[in-house]
Every structure is written in structure tokens, then in C-alpha cells.
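With the hints as your guide, set chain B onto chain A.
Number of protein chains: 2
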Amino acid sequence: MWGGGRLVWYRVKRKGLSCCSTSIALNNAMILGPNHPDPWIPSTMDILQTANSRADDVQIAAIIDGKSISQDIRSQIADQVSKMKASIGKSPGLAVVSVGKRRDSHTFIRIKLKACDEVGIATLIEELPENCTEHQLLNVVSGFNENPLVHGIIVQLPLPQHLDKEKIIDSVSPEKDVDGFHPLNMGNLAMRGREPLFIPCASKGCIELLLRSGVEIMGKKVAVIGRSKIVGLPTSLLLQRHHATLSTVHAFSKNPEKITREADIVVSDVGIPNIVRGNWLKPGAFVIDMGTNRIKDPSSRHGYPVTGDVCFEEATKVVSAITPVPGGIGPITIRMLLSNTLDSAKRAFRFP
Amino acid sequence: MWGGGRLVWYRVKRKGLSCCSTSIALNNAMILGPNHPDPWIPSTMDILQTANSRADDVQIAAIIDGKSISQDIRSQIADQVSKMKASIGKSPGLAVVSVGKRRDSHTFIRIKLKACDEVGIATLIEELPENCTEHQLLNVVSGFNENPLVHGIIVQLPLPQHLDKEKIIDSVSPEKDVDGFHPLNMGNLAMRGREPLFIPCASKGCIELLLRSGVEIMGKKVAVIGRSKIVGLPTSLLLQRHHATLSTVHAFSKNPEKITREADIVVSDVGIPNIVRGNWLKPGAFVIDMGTNRIKDPSSRHGYPVTGDVCFEEATKVVSAITPVPGGIGPITIRMLLSNTLDSAKRAFRFP
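Just so you know, the sequences run in chain order A and B.
What the first sequence shows, in our numbering, is residues 1 to 352, in sequence order.
What the second sequence shows, in our numbering, is residues 1 to 352, in sequence order.
Chain A with its partners taken away, still in its complex shape (with noise of 0.2 Å):
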């Protein structure tokens, strides 16, 4: 069984047979794996200072507009919103659960319930206290559950430490579980042939946006950069889903760049600024930069702008189209979530 001189790396490794072959058997924990967080490091690089461009560089990508395409969707849900109160007399409703006072949540909650109003659709929050019971988030859930005036249940993250956000995602029953973010929704999401009752929405955001591109997904070198299960997971299975020839990678993945640079899609979900740079990217590729990080800059008017995981100045010198930060694939991200209440209002009142 054994011979010729390209075996080393199995040798060495063959070392662990006979110790693991008693103690790893039949474990589970063992065999799914260690969970380990993604300890992303950025390069050595200033994350702020992008690399010296030559003088005869140009941009020559196609700078996605988010904001114009969300504005169509939104236009087209106000429109078939209107005509369901037209027709039934009824309007779809989102209930947003709120734990705590952080401000970036209390801001996400305002913008969401800011898009639903300009669309038509009923918003009900109910606010807890930081050092509420687990109890007590599980019976404002249940209530909603219960509520036939709600179609779309959110539970806006992160949640205190105290609390066990899996068993309240799992607490939101799959049918106004407009996140998406319930593992049976998810199950349905990843096994082709079946169709999940919701699909996160900065994935179907990005689907969305490419399809609205024209972009050709079946059959294309596709990375996704970051696993997280509201972003790169869901949006690695609907690529998926889409014939796409799927390379993910994470913190663990041995230089990343060249797969990304093998792409001709790149979606990035890292959460680290300026982490993908010019010399990642395939000439010609499609980008969509799903990154949202606040970075401290003393000469910006508000002192911690938003940017990307993409390094704008360099991709758009090598790229052929790129969603820009903000601007990009956040405002669809939104909208989508007002598809996804449409959409479980229609079924409820069996509305076409």
C-alpha cells in the first residue's frame, strides 16, 4: 500500500491513526467540528491607507447604485401593498422586537420601521429592558406568534449575553419568520427543490441585485468571503442554488486572495475594512461588498463613517462593477425585508 515519495504530508498525519482511532469514534461533538470564531486578521496595512495607485490608473467600474434599485423595489411594494387594502381591506404588519438600548440597534429599528411605513406596511415594537428574562422575550414572541395582525416577527441582534438568541430564534414560528434566520427555513433554503417560506434578506438582496444586473450566475466562479449565518452562509446556499461554482472563504482559509482572484463573483461578508484588496479581485469581476463597518475618522462630520470589507479605491480600478459602501447592497438589504412581510401577508390572507 505504501511506497514512492510523495506521501509525506499522509505519513505525518497517519501518526494520529491508531491514537484517534479510539478516542475521536462516534463522537459528534468531535464530529461537527470545532466552533470556533472567524479571528479574521487584517494584513499589515494601515486598514485606512490603500495602496499607492500608479498615475495612470482609471476607474472603469460600474458603480452599483443601490439606492435607485431599492427605490424600485419599494415602489413596486407600495404599489401591490395598495392594492391589497384595495381588494381585501387588509395591510401585511411587522413586529420588531427591541432588547436594550445599543444605538446601532435602536438606528437599524428606526430605518426598518421608516421603510415600512413609506410602503404601507404596519409596524408594532415592543421594547424590553437589557436585564429582561429570557421568559419574557419568549412571551413576547409567543404573543406575536399568536397575533393574526402580524405577518413578520424580528428580534433585532445582537441580543445581551444573558439571553440564548438561538432558542429565540427558534421561539419565532417559521411562518413570519421574515429574517429567515430559523434553522427550518434555513434547511429548506440549503436542499435544492425545496422552497423556504422566507430567505434572509441581505442574500435575497444580493440574488436580487444581481439579477436586476443581468448578471449570469449559473456555471461562474463564485467567492464568498465570510460564513456568518445571517449573511455569507444563506447567501453561499442561494448562490448555490444558482448553479454557481461556490468557493467559500474564511479566517481560516490560506491565502484567500487567490481565490478571490479566480472569481468572477465576489461577495464579501468579512466585517473588517479595507480586508479585500485590488490585487483580490479578478479584472472584469462583479462585486458586491456586504461589509458595514464604522471606522474612526476625526475629519468625518459625524467621527465614525461607514465603509466596506472592499478597498473601493482599488477595486473599482480593476473590477467591472462594484456596490459601493453606503450606498450599495444595504438599501436593498432593507427592502427586502418588506418583500419578505409582502410576501407572508399574501399567504396568510391567501392573496395573489
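Accuracy of the hints is not assured; some may be wrong.
[To be verified] Under the rule of at most 30 Å between Cα atoms (straight-line distance), these lysine-lysine pairs were calculated in the BS3-like manner:
#, chain 1, residue 1, chain 2, residue 2
1, A, K282, B, K258
2, B, K258, A, K254
3, B, K254, A, K282
4, B, K165, A, K346
[What the hints assert, rightly or not] So the derived list for chain A, only partly shown, Cβ under 10 Å to chain B, looks like this:
#, residue
5, R192
6, H243
7, P256
No lab work stands behind these hints, which were simulated from the structure alone.
All figures in this text were calculated on a predicted structure; none of them were measured in a lab.
Every residue gets a Cβ at the ideal spot worked out from N, C-alpha and C, and that includes glycine.
Just chain B, lined up with the frame of chain A:
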């Protein structure tokens, strides 16, 4: 926004933008992607013919002995089952539902029942006629869901066309879904930090084999060829949890061999004999062949010997280790069914 000469691809696609922007928006069926089957087309070579070997070619690969690994696992399970009997006087129970008279299905069922018998897992089998109604089948599953002597339920696939396979899979209690095909278990497998009640047997066997062989998965480049719901998909999800840098190759992938040639670990689940040639593989790679293909061979005693997806003769001259077919991952997969049934009984009896 436009300039440079690298926009051809995007420009061509961009024509679609205006026409798409009205018709595609908010169409969930479009967003979920076209539900194509995987039309693998074997390369022009005769699937039985292998490339001419040079005289100096020698086999360098370790041939993984799946039978002997499965015997280790079997004896460990048998040991745990007898401990359970001795300590609480109870045994795990597996129920099998069979529909129709497919010869291959009956062979698989016989193998599973025999494997249960060998370790002391009790079995129940319900055989329904080919023309049974969905209602009859759902009743049988529901009976097993309620039966406290049953800890695992498998509905042998494939089912006759007139039965809704997904509906039947959904009807199996997630607590007894030892095949791991229920979307709730699949969703919890996909979502890191969560634990599915069951991991699909072939995928669990694949990781069990890698762990027992002392193969490092974290950060390794892994190519999974094929994406079936019962093998390729869950194996990809599980390998991701082990922090592999994963690429998924399927029938729509261009130059699949270019991707697989870069992988340290290759898992194949295509269902086409010899589709993975020696030149698809990286020297020193670890190859797990999940294919089980019957090929016509008049010279064989049985007429239809079983072969895998990987051109074994060529692969053994390139890679460091490979699972043969038969005698590779198959026997391990069967034992994973026993392992899942035992785990389920332990949960039911709160047995440590």
C-alpha cells in the same frame, strides 16, 4: 462610470439590466434559482477505459480499508448497546419503511437490518405496496413517530413517483430522523454553533474516516464533487464546520478538474463511473469516493459489479490515500446509521 477595455463581459450582461429590472424583481421562484437536475456528461472516454499507464507508473496511494474501520465502529456500538441493555434493560430500535419491490432498495434494507442485528439494535419493518397512497405511508410514519420502542425511522428512497418525497421526509419526527434528511436537522447542520439531532450517515462517515485517519481538515482546500441532498450537500456543510476551504463542483461547473486539482481532500458524489480521472487530482491528495455505480460487465460473476466515481487505477498513482468502491465509505456509512440510532435511544432514555 464606464471606461477602460475590461468591461466586455459586464457590458454584454448589462444589456439585460433594463429588461430584467421590471420582470425579475421580487420573484421568489427566480431568486431561489432554476431547479435543474445535474446533467453530468462524462468526458468522451469510455467510462470503463482508463488512460494508458506509463510503464514506470506505480501505485503510491494507501487504500483505506473501510471494512476494517467499520468493524471497529461496529464493535464499539455493540459494546454500548449491551451496556445499555445491562444497565436499564432497554435497546435502541430502528423502524424501516419500504414501498414497492425495487431490488436495490430491498438489498439496502437487508444490509441495514443485518447491521442492526449484529449490534443488538431491534428492528421493525413495514412493507407497503408500490401503489400505496400517500395517506397510508404518512400513517405508517406517524405510527412509528408515536412508538416509544422506535428511536430511528428510515423511509427507504427512492419512492414511487406518485408519492411526495419531501412531504414524507417532513413527516418523520426530527427526533427520530436518523437519516438526517429533515430540513430542521439540515438547517441546524448548516448553522455553525448549533447541533443537529442527526447528521446524514454518509457525511458523518466521511468525517469519521478523516478524523480516524488523522487528516487535518481545518484550512485545507477541499473539493466536493456533486451536491445531492443526501450526500454532497450535507458533506459540504459538515466540512465547512471543520473550517475547510470548500469548493463545490457540479454539472454546471466549468473545468471542474482545474478546481479539484488544487484540493488537498477530494470527496466525490456524482454517480458516474470513472468521471474523476487521475489528472483531476493533486499529488498527495486524500480521496473519498462516495459513488456507488453499477456497471454492465459480462465478464463479472454478478454481471453488474459496483464501481465508484473515481478512476481508481489512475488515482492510486497520484494521490496519497483513497477509499475503494466497494469496501470504502459504504460499510462506514451503514455503521453511522447504527450510531445515529444509538444516539437517539440514549437521548430518549437519558442514558449517558
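Verification of the supplied hints:
At most 30 Å may separate the alpha-carbon atoms for a hinted pair to count; K282 (chain A) and K258 (chain B) meet this at roughly 17 Å. The straight-line distance between the Cα atoms of K258 (chain B) and K254 (chain A) is roughly 18 Å, inside the 30 Å bound, and the hint therefore holds. Taking the CA atoms of K254 (chain B) and K282 (chain A), the gap is about 17 Å. The hint holds against a cut of 30 Å. As the CA atoms of K165 (chain B) and K346 (chain A) are separated by approximately 27 Å, the hinted pair is consistent with the 30 Å bound.
About 6 Å separates the beta-carbon of R192 (chain A) from the nearest beta-carbon of chain B, less than 10 Å, and the hint is met. For H243 (chain A), the shortest C-beta to C-beta distance to chain B is roughly 4 Å, which falls under 10 Å, so the interface hint holds. For P256 (chain A), the shortest C-beta to C-beta distance to chain B is roughly 8 Å, which falls under 10 Å, so the interface hint holds.
When each numbered hint is compared with the structure, no violation occurs for any of them.
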